[in-house]
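As a plain string of letters, each chain reads:
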Amino acid sequence: MSFAVARAVAWRTLHNVFTHPSLLIPSLIFPLFFFTAFAGGLSRVRDVPGFDFPLGYTAFQFAFVVLQSAAFGGVFTGFGIARDFESGFARRLMLAAPNRAGIVLGYGAAALIRWLFTVAVVTGVAFAVGMKVGGSGVDLFGLYALALLLNVAALLWASGVAMRLRTMQAGPVMQMPVFLTLFFAPVYVPLSLLKGWIHAVAVVNPLTRVLEAGRGFLAGSPTDVGAAFAAALALAALFSLWAVRGLRNAESAG
Amino acid sequence: MDAIEAEHLVREFKNGPRAVDRIDLAVRSGEIYGFLGPNGAGKSTTVHMLTTLLPPTAGTARVAGYDVVHEGPQVRMRIGAALQEAALDPLLTGREHLRLQASLQAMPRNERRARAGELLARVGLSEAADRKVGGYSGGMKRRLDLALALVHRPPVLFLDEPTTGLDIQSRTALWGEVGRLAREEGVTVFLTTQYLEEADVLADRVGIIDHGRIVAEGTPAELKAQVGRPSVEAVPADPADRKLVGEILARFGEPITSAKGVAVRLREGESDLAGIVRALDADELKVEHLQLHQPSLDDVFLAKTGRSLEGEAPEEEQSARPGLAMEPA
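Quick mapping for you: the protein sequence lines, in order, are chains A and B. Residue 50 is where the first sequence starts when you use my numbering, and the numbers rise one by one after that. Residue 49 is where the second sequence starts when you use my numbering, and the numbers rise one by one after that.
In short, the hints are calculated from the structure, not lab data. Do not take every clue at face value.
Not everything, but these chain A residues come out facing chain B in the computed CB check (under 8 angstroms) [what the hints assert, rightly or not]:
{"no.": "1", "residue": "Trp60"}
{"no.": "2", "residue": "Asn65"}
{"no.": "3", "residue": "Gly137"}
{"no.": "4", "residue": "Asn148"}
{"no.": "5", "residue": "Ala150"}
{"no.": "6", "residue": "Ser289"}
For every residue, glycine included, the Cβ atom is placed at its ideal position computed from N, Cα and C.
My request is simple: use the sequences and hints to build the entire structure.
Shown next as structure tokens:
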């Protein structure tokens with residue numbers, strides 16, 4: 050029964066996203082913009098002393114853009130959940146769905162499929178502009194698996210916020226922490242080149258492990274894989290509790 | 049077994065009064081139960097608790113035999129609901145809404161298409177079925193909402209002010225459909241309304257709620273009988289005959305006040321009307337107006353709460369938007 054509900058919710062979300070460009074384009078434009086701006090505009094960073102990523106700056110940024118697209122994909126789906134609560138449509142889902150956990154599952158499945166589309170486009174663009182990959186297919190799969198977990202974690206975070214606040218005005222609350230967490234990781238240069246407070250923040254930022262491991266996969270020399278997956282899984286587990294409690298909160302509010 | 053049972057049901061909101069205050073309900077299977085009350089009386093809150101959208105603060109309720117708090121999934125599988133605001137997705141068509149609803153209810157795939165077509169025809173939306181709902185009128189949205197509530201053939205149907213905002217033609221057609229569902233398909237209907245006529249025409253039994261409490265309950269006839277007997281008002285054609293007409297009417301009941309003519313509360317009920325006409329005719333008294341007043345549910349509401357319900361509805365009547373007429377079932 051949960052799967053029937055999840056399939057229905059996912060179908061409706063994806064139907065709307067893929068039939069209305071205004072809903073699809075932002076989640077596609079953001080990673081492409083970041084990729085173009087960072088990989089293209091900052092390409093000379095590869096010449097900075099201490100920059101030791103072997104595949105060049107395009108691949109260095111590609112790992113970040115994949116993770117960023119996954120996280121933002123989850124948040125954009127959270128916007129949709131908030132919109133559904135604001136319009137009252139979520140109440141229809143809560144009333145019709147025998148098992149309400151299926152609603153969150155459905156939004157999650159939609160977020161995942163939506164991200165897969167985005168990452169396919171981003172990957173295509175990256176290869177088209179000559180990105181080099183040192184790792185094998187299995188290594189690349191590792192990068193995408195990390196991103197997938199990040200997508201789930203971001204979706205669960207955003208859905209928890211959406212179900213608590215139940216308004217589109219919750220958008221910044223969903224997006225800002227994700228944005229800050231992403232950009233307090235070593236986005237532009239390796240961790241070793243960061244100095245001062247930003248280095249201190251990056252060291253404790255769980256996203257740093259995920260990003261470093263992702264770049265390692267891309268380079269074919271995986272590092273910190275266990276820590277990265279543990280961090281991503283911990284975030285997903287933590288925010289699944291957050292989302293379930295958000296669902297209970299929404300149920301109590303009627 | 050009653051289709052809907054509630055015992056001492058309470059809902060309190062933070063920093064607010066009790067929206068629902070220890071109400072008891074027993075709605076029989078196949079019955080149309082009208083839940084009548086003004087805005088803010090607690091009608092919708094009661095529906096939200098019975099449909100598992102809102103947990104009660106205290107008390108218990110069972111719908112279709114299942115507890116609304118502990119057996120929510122079983123309840124939701126057996127109910128359909130059209131709530132006050134037809135929350136639809138403007139980006140989906142009517143047919144896509146039905147497909148979504150059928151999927152949510154895990155209806156077998158091979159049944160979905162036929163059921164959607166059948167319901168769209170029943171509510172008169174076949175031609176608009178493949179148009180996006182964003183372009184529907186208010187009446188069309190209401191009718192689609194009703195169709196969505198019926199997708200999985202629920203034995204219990206909740207309709208929260210289903211005709212608010214509908215033109216009279218759509219309203220009458222919807223009454224016909226609700227009546228048919230109860231009579232022909234044995235669906236139990238819990239209908240909230242602030243329209244006296246709607247409760248009177250549709251409901252087998254009526255509960256009147258005010259300030260979160262049920263102040264009266266019974267069939268419309270029983271409730272009216274509690275208030276009193278019918279009255280007759282006569283306006284003589286010649287004002288000079290007022291006294292004579294009053295004397296004749298007084299033979300049939302106790303005089304009551306009348307702004308235009310004379311009026312009496314009938315001793316024997318409406319059967320006295322023929323006698324009054326014969327007596328007036330025998331004395332060759334002409335009247336320009338003779339009217340029998342049956343007690344209304346508003347009289348009942350007035351008697352039970354000290355306030356009239358009649359003034360509550362016009363605000364929404366005025367904002368009523370025309371919708372397409374519903375096709376007969």
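Hint check results:
Interface hint at A:Trp60: satisfied, since its Cβ lies 7 angstroms from the closest Cβ of chain B, which is below the 8 angstroms cut-off. Satisfaction of the interface hint for A:Asn65 is found here, the shortest Cβ-Cβ separation to chain B being roughly 5 angstroms, below the 8 angstroms cut-off. Hint status for A:Gly137 relative to chain B: holds, with the closest Cβ pair at about 3 angstroms, below 8 angstroms. With a cut of 8 angstroms, the hint placing A:Asn148 at the interface with chain B holds, because the nearest CB-to-CB distance is about 6 angstroms.
With a cut of 8 angstroms, the hint placing A:Ala150 at the interface with chain B is violated, because the nearest CB-to-CB distance is about 10 angstroms. This hint is violated: A:Ser289 has a C-beta 20 angstroms from the nearest C-beta of chain B, more than the 8 angstroms allowed.
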